[in-house]
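As they're listed, the protein sequences go chains A and B. Sequence positions in the first sequence follow the working numbering and run 1 to 808. Sequence positions in the second sequence follow the working numbering and run 1 to 550.
Please keep in mind that the hints were generated in silico from the structure rather than gathered at the bench. Take these hints with a grain of salt, some might be off.
Taking beta-carbon pairs under 7 Å as the criterion, some of the chain A residues facing chain B (in silico) [what the hints assert, rightly or not]:
1. A67
2. G577
3. S581
4. A674
5. T680
6. L682
7. F726
8. L730
9. E738
10. A800
The following residues of chain A were derived to be distant from chain B, with all beta-carbon distances above 12 Å [as the list claims (entries may be wrong)]:
11. I134
12. L176
13. G422
14. I426
15. V476
16. H493
17. E498
18. E511
19. A616
20. I633
21. G636
22. P752
We put the CB at the ideal spot given by N, CA and C, even for glycine.
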Amino acid sequence: MQPNQWVMAAIVGLPFLAAALTPLVYRLLGERTAYASAAVAAVSFVLVGQLAITDARGLVSWTWIDAPGFDVALSFYVDGLSLLIGFLASGIGILILTYSGGYMHEEPGKMKFYATLLAFMGSMLGVAFAADLIVLFVFWELTSISSFILIGHYTGETSSQYAARKSMLITVAGGLFMLLGFLLVAGEGGTFQLLGTDQALIAQAESIREGLRADGLFVPALVLIGIGAAAKSAQVPLHIWLPNAMEAPTPVSAFLHSATMVKAGVYLVGRFRPLLVSDEWQLLFVTMGLVTMTVAAILAVGASDIKELLAYSTASHLGLIIAGFGVIGAGANTYGAETGAFHILNHAAFKAALFLVAGIIAHEAGTRMIDDLGGLWRELPIAAAVTVVAALGMAGVPPFNGFYSKEFLFEATYELAHASGGLWWILPAVAVFGSVFTFLYSIRFLMLFFGEKPDALGHVHAPPWSMRLPAVVLAVVAGIIGIGGITGAAGVHIEPLEAFVSQVVDATAIEHGGEHGAHFEYYLPTELTVPVLMSATTIGLGAVVYPFYGQLRDTIVRLRSVPVLSANWYYDSAVDGLDRSRVVESTIQTGLLRTYALVLLLAVSVMTLFAYAATAVGLPSFSGIVSPVPMVIVLGVAVVAAFAVTRAPSHVAGVLTLSILGFMVAIFYILGDAPDLALTQLLIETLVLVLFLLVLDKLPPFYGEARRSILARDAIASGIVGITVFVTVLVTTAANPENRIANFFLERGGVPAEHGTWILDYGGGANIVNVILVDFRAFDTLGEISVIAMAALSVIALIAMRERGETQ
Amino acid sequence: MSNVVIAPMLVALVTAILTLVTRARPRLQRTVSLFGGGGYVVAVGVLTWRVFSGPVLTYQLSGWTAPYGITLVADQLAAFMLAMSAVVTIAALAFSTDYIEAFGQQIVYHPLFHLMVVGVTGAFLTGDIFNLFVWFEVMLMPSYVLVVFYSGPDHTRAALQYTVLNLIGSAVMLLAIGGIYATTGTLNMADLAVRLSNPEAFGITVGPVVGLAALLFAVFALKAGIVPFHFWVPSAYEAAPAPVSAMLAGVTKKVGVYAIIRLLFTVFGAAQLDLGPFGDGSMLLFFGPILLVMAIASAFLGGFGAVGQSNLDRLLAYSSIAQVGFIVLPLAIVATIPLTDGGTVAVLGGEFTVPTGAGTDGLRVLGIVAALLYALNHAVAKSLLFLVSGTINAAVGTIETDELGGLTRSRPYLSGAFLIGGLSLVGIPPLMGFFGKLTVFDTAATAMATNGTVGEIAAVTALGGAILTIAYVSKAWNDAFWGTESMAVVRATAQPLALLSIVVVLALVLVVLGIGLDPVYEGAHGAASAALDRGAYIDAVGPSYAEVQS
């Protein structure tokens, strides 16, 4: 069955509409806006559920841009993967917005907060369902921007500003890399449509891969898209924004920065898996995923703040999912897909629950420092119960939910190593190694509730139900998944869940498993297999190392503080350097007009001479040129005057010498039969001379000695400019095109008489120059008159505005 | 002949004169000015509508046939640029009436403003290179005095630099035009295209024209503020009153961009010759690598310059240098790539042929579309940001970011407008800026597939420049809008509602242009096709070499 258009429109559109209406709603409801927003999320959730239950799958599309060569459809596609993310965005949305009702009680900026959260939810639903690359990108960037605004929620805090800018720089820049990757893929496929039609990119995956390879663009496209996913999903070394993002209020951390937005990256990897499957894919994503999983888990152990711990843990688990989707090797690819698909669900459940618990702790105990907390179960029994389920799931302890998806990863890495051999054996080893750290920090988080309560910790209040209930719901979901494994071992499976995960697996699968698609099931293992051994090793090693947690943490903190080992150090150095850099103003934009003019003239000259050289322009020959003696004398005097100007001892002498040059040019015009030009030139020379003499009084008589190096530089520059103009004049005056416009006028000019009276009849004048000025090219004259008028106005303005300054 | 072509210029010219004669009655003057601005928008609107629903319109001044008289040509490229400018013009004008102090307005502001509009419009419409020079001067003259408007020492220094550099530019332009006339025997652009592609028929040597075109190109680059012709930009934008900066960045800069597209792609690109190391083919091949280097230099110099700035106007000025780099980057890409599948098209009733400008793969068109969409975004977003800066200046009295802070608390709408403008510069969807960035990236990506190296260089530049944009926009936002409220912000007066509403409307325009991109894209596509459709352009102008009619 096809999804209903209106349902789809409502799922994505409703949150945005609600966001736009939030200012009004807030005025009416005040703080209870939280619950109204949760209701909106509930509607979205029900609609997503309706799609899932009624088996509505396929494409919904509206035309958005239908211009020549640029065709973007506002299209959405429903399948297992999009429904999974859709359920997370709306379902956890309900819980988070409800929770916010309690959490945000005394916080500032609630109206903006709820509006942005709703807009985020709409964007995330858009990312989940988008079937067109451009539409996907639009919603993708909107999630980045909502994240930016929410991280900077406490606008007055420097740390919030730092964190918001960091997340924007990394995720938005990563998005741009991804966009370029998208365009490479779309360019090859000839469409932006990713899914849902016969011409969609996924449908022609094979030919796109081949085409990209032929152009040598396959690896660039893969890497560019990988960078986008890595930035969004906090993969090493782009993970650094995520711990800082914890500056946001805790509901935001739980919602955006663990359960949904950061899943966009892994979602993308899952989505593109069938399209870009290849050996390079496996190498890139398995490496990236496992490195992130391990490094982030180690950093989580080094954390001193519970939200920081959870942030690193999130990055680590996203790495696990990416590694899962990365596996495509022989016999292991289905396990890989199952890892990714199932862990998205499991991680969202236990991690969101833990964040909500962290929020409860911070709110009620007044601190988030791990060392200051302990024995909380007496005062927060419900939170303690939630944590037991969620933290053990995070640790991968059977029979809790995280155990099953981690088993799939172990299975996938083992099978891959088994089939490929060689260096691939590193993978299962790294997976176990990383998981040991996961186990360690999970148990540490759990121990916040057990052991002795530190004396410094005061009375811990009970949180309101609006904060407790969402955490409980998530823990129950996680618990049910865990129980499903136990019953599964006995042959009783949670059919709807498994069927649903099968669909997710199917969407990311590289080969479709027969008629009914993939078949997914999970259960508590009843016999000893290699993955079970790997899990046992993980837990065993973790239990052995746990007593030394303190020393381990100190070591990690020490290592982390070594600048070159810390990705943050590179980021901070680069951004600080950039912010402080005055390199442009100190080297190029110096404020010296002399330099500016020099560069301008040299650039013009060099470019022009370059063009003459490239086209091998021939200079006219000088032989046979006969100059009358008077002309030689006049030009000679002009040249001497030009040299004299540069040697003039005073301004007055300089100006007078300059006017000799000018008058010589005027005489040259007379000798060249151009009396009107000569008149103009004489007039201007006279005026300029007078003006100069009037102004000279105001100038300082002496500017200081010029350095020889500067004089030499200026001489060379003047030489180059002179050559350029000289060559230009030579080359152009040598040309003799036919049909010059001038010929037309010359043939019709009043002189000689045999031309007749055409110019008088049609132009209304006898002098051809006048007729050109006031008729043929009257429009030019209009413009020039305007310029003169404006010059006059400018003088008025300069005089009138003088010394008034900027009095606004 | 179509009279509507000249309507926008006439409206602006008449308004300029009327605001001059009503100087004694300031309120009347302002009203006339605003009505004139409105009339200009209507005239441009009608012209745009006519051009986009019909053929290329021309207006032969005084009825003299081209190439002997002056021809105005309104094709889709010119109309697109005019429409873009009209949006900025009316916003800047309305802003001025409330922002510029009454005395300043009364003296000369309004006549100069409208004459600047006359110059801009003439430059977009003219089909004659000497006439282009004239309108450049008409556009520049008022801008000199509007930059020095406040007449302080810094303003004077900025204006002096601006004036001197542009006067050098004018001299270079005259040299180029004189040379082109001497070499080809014509000033009419359509005629020039015909002659350059049929050199034998007119006894022309094409070689020297490359150098002359380079001279001309340098002048356009100076107007557009492309590195290394950008030196005047930061100080001039900082010194000018906010609405004038908005005009300089939003409109006059685009005149330079337009002239590059029009002259290089429509006119000079028609010449086919051996360009030595640049290859053998269209004259564009010479300019491609040069434009590419200039675009790269602009994107990075502007970006690095902007990040470190603490003065909002100066930051925005550097950003303009970077953004114009983005505008010419796709032009550089498509100029570099030789047109292998281009044939020729017969013009003037089959008398001559000219090479087609657009290939069958559509990459040339895409590159120009990208430049136009990016230019449109820059026009609206940058003028919006300058006007926000002006509004802050009017209310708080400073635009130094270290004296600002916490503006989001007391001024959410103003801050929101800045954020939208900034995000549009970054290229965040669904704002207009996203589609500019998208098409620039698309041009680079397509070039990567067809002509590796150039595409790769362009892609790296686009990514690097975009990251710098994020850096300076986010820095300005953090410094001025988030953070704790500074003393200056606390003591500030309420911003005038009129200024705020103009700013908010411009922000909405960015959203609307983005979400409603379809007609905008089609407009840009039509404009880009028109820029490359030499046949239609030449036939519309119809230069005649026989008898002249009056």
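Hint check results:
1. A67: 4 Å, holds
2. G577: 10 Å, violated
3. S581: This hint holds: A:S581 lies near chain B, its Cβ roughly 5 Å from the closest one there, short of 7 Å.
4. A674: 14 Å, violated
5. T680: With a minimum Cβ separation of about 15 Å from chain B (threshold 7 Å), the hint on A:T680 is violated.
6. L682: The hint is violated - A:L682 has no Cβ within 7 Å of chain B, the shortest such distance being about 20 Å.
7. F726: At 11 Å from the nearest chain B Cβ, A:F726 fails the 7 Å test, so the hint is violated.
8. L730: 10 Å, violated
9. E738: Given a least distance of 4 Å, the restraint on A:E738 holds.
10. A800: 5 Å, holds
11. I134: A:I134 not clear of chain B: closest Cβ-Cβ about 7 Å, inside 12 Å.
12. L176: 5 Å, violated
13. G422: 33 Å, holds
14. I426: 32 Å, holds
15. V476: 38 Å, holds
16. H493: 42 Å, holds
17. E498: Given that every Cβ of chain B is farther than 12 Å from that of A:E498, nearest at about 37 Å, it holds.
18. E511: A:E511 clear of chain B: closest Cβ-Cβ about 28 Å, beyond 12 Å.
19. A616: Since the minimum Cβ distance to chain B is about 7 Å, A:A616 lies within 12 Å and the statement is violated.
20. I633: A:I633 is indeed farther than 12 Å from all Cβ atoms of chain B, at 26 Å.
21. G636: 24 Å, holds
22. P752: The claim stands: A:P752 keeps its Cβ more than 12 Å from every Cβ of chain B (closest is about 20 Å).
Hint violations for this structure: numbers 2, 4, 5, 6, 7, 8, 11, 12, 19, all remaining hints satisfied.
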